[in-house]
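The listed protein sequences derive, respectively, from chains A and B.
The numbering used here numbers the first residue of the first sequence as 1 and each following residue consecutively.
The numbering used here numbers the first residue of the second sequence as 1 and each following residue consecutively.
To be clear, the hints were calculated from the coordinates, so they are not data collected in a lab.
The reader is advised that the hints may include incorrect statements.
[Claimed, not checked] Restricting the straight-line Cα-Cα distance to at most 20 Å, the calculated cross-link-like pairs of lysine to aspartate or glutamate (EDC-like) are: (1) B:Lys48 / A:Glu311; (2) A:Lys443 / B:Glu235; (3) B:Lys48 / A:Glu359; (4) B:Lys27 / A:Glu271; (5) A:Lys443 / B:Asp34; (6) B:Lys211 / B:Glu235; (7) A:Lys136 / A:Glu271; (8) A:Lys443 / B:Asp64; (9) A:Lys443 / B:Glu20; (10) A:Lys443 / B:Asp63; (11) A:Lys443 / B:Asp102; (12) A:Lys443 / B:Glu28.
[To be verified] Calculated from the model, a selection of chain A residues having no Cβ within reach of chain B, i.e. all distances over 12 Å: (13) Gln25; (14) Lys96; (15) Lys113; (16) Arg180; (17) Glu224; (18) Ala245; (19) Leu300; (20) Thr314; (21) Asp351; (22) Val376; (23) Leu390; (24) Gln512.
By construction, the Cβ of each residue, glycine as well, lies at the ideal position given by its N, Cα and C atoms.
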Amino acid sequence: MYLVRSIIFILLFATHAFSQQVSIQMPKPNGYVGVPMELVVVYENTQSSAKPTVPEIEGFSVERLPNEQTSQHTTIINGKMTQTSTRAFTFLLTPKEEGVFTIPALTFRIDGKGFQSTPRIITIKQPPTGGALKVKISGTNSDVYLGQPIDLTLKVFIEQFTDPSLRVTLNARDMVSFLRGDLGIFKDALDEGNIQLQEVQGKTDEGISTTFYVLTIRATTWPETSGPFKMDPVSVLMNYPLSLAKDRGLGFFGGESLKVTQSHLITAHGEMPTIEVISPPLEDQPSWFSDAVGNYDFRLVADPTHVKVGEPITLTMRITDRTMGPINLDFLSAPHLDRVSALTEHFRVPDTPLGGITEGRTKTFTQSIRPRSEEVKEIPPLPMSSYDPLKGTYQTVWTKPIPITVDAVATVSASDLIGDTSVATPTTLTEVEGGILANYTGKDILTSQRVSFTPLLITAIAAPPCIFASILSLIMYRKHAKKSLLTNKGRVNHATSSIRRAIKLHGEQQVQTLSSALRELQEVKSGSNVATDIDALLSRCEAMQFGGFEDETLAKDAETLAEAIR
Amino acid sequence: MNLLTVLTLCILSSVQLTNEQQVAVLKEAQSAYDNGVSLQTADPVAAKESFRRSAQRFQILVDDGVENGKLLYNLGNANVQAGQIGEAIAAYRIASRYIPSDGRLRGNLAHTRSLVHNPFEKNKSKSLLTRLTFWHDSLPTGARLGLGMICWVAFWGLLSVHIFISIPGFKTASTFLGFFAIVLSVSVGVDIVDQDTKYGVIATDEVIVRKGNGTNYSPMLNEPIGEGVEFEIIEQRPDWIHILLPNGTKGWVEEEAALHV
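Construct the entire structure; sequences and hints are all you get.
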């Protein structure tokens with residue numbers, strides 16, 4: 001028995017001693033100055049809550065992260081349950097200088113036992129510099145005229161990265177995914193996917209041949225003012241990877257993927273090319289020119305074409321760009337028709353700037369003009385001038401004349417107003433039909449006038465007949481009560497005369513008459529204070545009728561009571 | 001509150017506007033209308049856009065449950081200025097239910113009807129019933145309801161008083177009061193029941209009137225009818241309306257091309 005107990009105790013002790021472990025995950029054999037490396041110490045199934053310490057290591061500064069990671073696992077194999085608890089502590093070893101260093105064998109003591117790691121040799125290099133990322137912006141080579149587009153190309157050169165320990169090279173898409181920053185004018189083009197990725201051979205700043213990925217983004221912009229073209233600066237930032245690790249995937253089938261374990265932030269700025277935005281020359285510039293640059297078609301429609309003097313004619317001007325490539329008609333203005341003398345001579349033309357609506361390559365403007373006299377027969381040809389930068393000349397497109405009919409209207413002269421004539425002629429004012437009258441204002445227009453069957457309306461409709469019915473019912477009730485009162489009075493009179501008649505009778509006949517008269521009184525006066533007296537007289541009647549008693553005062557008493565009731 | 005937020009709320013959900021928000025929308029609508037008026041000479045296209053914006057704001061108030069004759073009149077004005085003749089006539093017709101005798105409304109409705117291309121000649125002969133019930137179209141529903149209520153209360157009051165005292169001419173007075181009360185209440189009841197169901201206006205241009213309720217049916221008329229043509233609704237089926245045109249022609253039009261008034 002003692003032997004068996006001893007074996008069980010030894011087995012249990014042995015199992016406990018076997019399950020305690022300390023494992024150490026050492027950093028990679030390559031590192032960069034200033035970039036922290038992780039050293040992780042894992043305590044498994046330990047009882048003590050003591051935390052590990054790492055001594056000073058030559059070439060590194062050592063720092064322990066404050067948090068510890070704890071976990072518990074339960075495993076059942078062949079019906080046997082095993083519980084495992086772990087605590088992980090992370091130390092950051094930051095290389096201080098370039099060179100080859102050794103992390104010595106580290107000893108950790110826990111629950112009275114000692115665990116030792118193996119030494120690790122680590123090579124520390126200077127980290128990659130900004131040479132791994134370059135930005136170049138190129139644009140239209142020559143000067144441009146105001147209104148012409150400027151084509152810009154942004155090229156971002158990213159040095160290819162290969163992890164030396166895993167021997168894995170990241171592809172172009174992965175490298176581009178680390179980019180961020182303010183791309184300014186190129187942001188829209190990037191969002192629209194107007195990009196190109198390619199691989200080229202080149203040299204780093206140190207003259208080392210290497211592969212670069214080139215991200216090319218093309219954008220088009222239109223200058224708003226003349227002078228040197230200015231654009232928001234383009235800054236590109238990148239978390240350039242320094243080392244990779246394999247990351248165990250989640251899910252039933254597991255799998256592995258790569259993750260960046262070390263990276264550093266590098267930046268690059270793009271210098272804008274010098275582009276001068278110039279205005280078309282003043283020489284030979286038409287007076288109605290409105291800074292349009294390019295090649296345009298000009299169409300004109302007038303409506304109505306039959307008006308009275310002073311009435312408006314709407315001119316609809318359609319200006320269509322006839323060039324190829326991207327366009328932006330936002331800055332295109334309508335020709336200054338108020339400067340066309342052939343038009344202003346016969347028409348009143350406002351000089352206010354026009355808005356216009358852009359649709360595709362066409363911009364439509366409308367303007368109202370008013371004929372000055374009934375002698376106007378047509379809208380003269382109207383010009384639209386644009387500067388052709390290729391030919392270096394102004395081009396003018398003319399519309400065809402539009403025939404119109406203008407009727408005269410009666411006018412009031414100054415002499416009519418002053419009244420210099422001796423005989424004043426009365427003026428008849430006639431209201432003009434048609435047209436739109438002004439809007440209503442005021443807060444009362446927010447009051448809804450819709451009529452619907454509301455409970456209040458239903459109550460208001462039902463109330464008068466209900467009131468009438470109530471009054472009618474009350475009157476009927478009162479009439480009925482009065483009639484009933486009159487009937488009772490008659491019956492009392494009848495009973496009284498019967499009693500009087502009974503006084504003159506004798507024997508059985510008297511008793512029967514009295515009894516009948518008293519019963520009539522009892523019906524009329526039931527519930528009143530005389531009912532008891534009537535009941536007493538009726539009892540005396542019954543005593544005479546059925547008991548054979550003589551009661552000489554009965555008839556007299558009945559008459560007295562009847563008189564009292566009347 | 002930001003007006004854009006108010007409008008977004010209205011569009012996305014059926015949230016009822018507060019009184020403050022209604023005032024803000026009304027102000028915006030009138031401001032857009034005034035802006036349109038100021039631009040009419042210099043930039044008619046921009047003016048139309050401004051009128052369209054104004055009409056949208058007025059319509060928000062109507063959709064919010066504010067059925068007011070003057071508001072609908074303003075909506076009609078904005079629509080007609082924006083060139084939306086059908087919508088304008090519809091708004092004026094609904095406004096006439098509340099302010100039928102309003103001079104401005106009558107004038108603007110007549111002017112807008114004159115803008116309709118190829119209008120139908122209306123059958124001008126009036127039935128005896130129409131002649132007798134002229135007051136039904138001339139008096140607003142609210143006024144008829146008020147008059148009817150006065151007659152109703154007076155009728156019952158007269159009956160009640162007559163129980164107690166003899167009134168000279170009681171029979172004649174009570175008969176007239178009772179008759180007017182019933183006629184006016186029927187008139188108001190017809191209005192309430194008939195709202196949004198009896199008449200309509202074509203709201204888009206070139207609508208084909210068909211012989212049946214489907215695009216496979218042949219056209220009823222040689223020419224399509226234009227925006228602003230008014231009609232009476234005979235029957236409604238899914239997506240289609242059976243209409244009676246002013247010249248007596250009957251046919252079917254797609255519901256989305258028409259507005260109820």
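Hints versus structure:
1. B:Lys48 / A:Glu311: With a Cα-Cα distance of about 18 Å, the restraint between B:Lys48 and A:Glu311 holds, given a limit of 20 Å.
2. A:Lys443 / B:Glu235: violated, 38 Å
3. B:Lys48 / A:Glu359: holds, 17 Å
4. B:Lys27 / A:Glu271: Roughly 50 Å between the alpha carbons, so the hint for B:Lys27 and A:Glu271 is violated.
5. A:Lys443 / B:Asp34: Between A:Lys443 and B:Asp34 the Cα gap is close to 17 Å, so the pair holds against 20 Å.
6. B:Lys211 / B:Glu235: Measuring from Cα to Cα gives roughly 13 Å; hence the hint holds.
7. A:Lys136 / A:Glu271: holds, 7 Å
8. A:Lys443 / B:Asp64: holds, 15 Å
9. A:Lys443 / B:Glu20: holds, 11 Å
10. A:Lys443 / B:Asp63: holds, 17 Å
11. A:Lys443 / B:Asp102: holds, 18 Å
12. A:Lys443 / B:Glu28: holds, 13 Å
13. Gln25: Consistent with the label, A:Gln25 stays out of reach of chain B, its closest Cβ about 54 Å off (over 12 Å).
14. Lys96: It holds; A:Lys96 is separated from chain B by about 57 Å at its closest Cβ, greater than 12 Å.
15. Lys113: holds, 68 Å
16. Arg180: At about 32 Å from chain B, A:Arg180 clears the 12 Å cut-off, so the statement holds.
17. Glu224: Non-interface label on A:Glu224 holds, nearest chain B Cβ at 22 Å vs cutoff 12 Å.
18. Ala245: At about 48 Å from chain B, A:Ala245 clears the 12 Å cut-off, so the statement holds.
19. Leu300: holds, 14 Å
20. Thr314: violated, 5 Å
21. Asp351: Non-interface label on A:Asp351 violated, nearest chain B Cβ at 9 Å vs cutoff 12 Å.
22. Val376: Non-interface label on A:Val376 holds, nearest chain B Cβ at 18 Å vs cutoff 12 Å.
23. Leu390: holds, 32 Å
24. Gln512: holds, 48 Å
Comparing the model with each earlier hint shows violations of hints 2, 4, 20 and 21; every other hint is respected.
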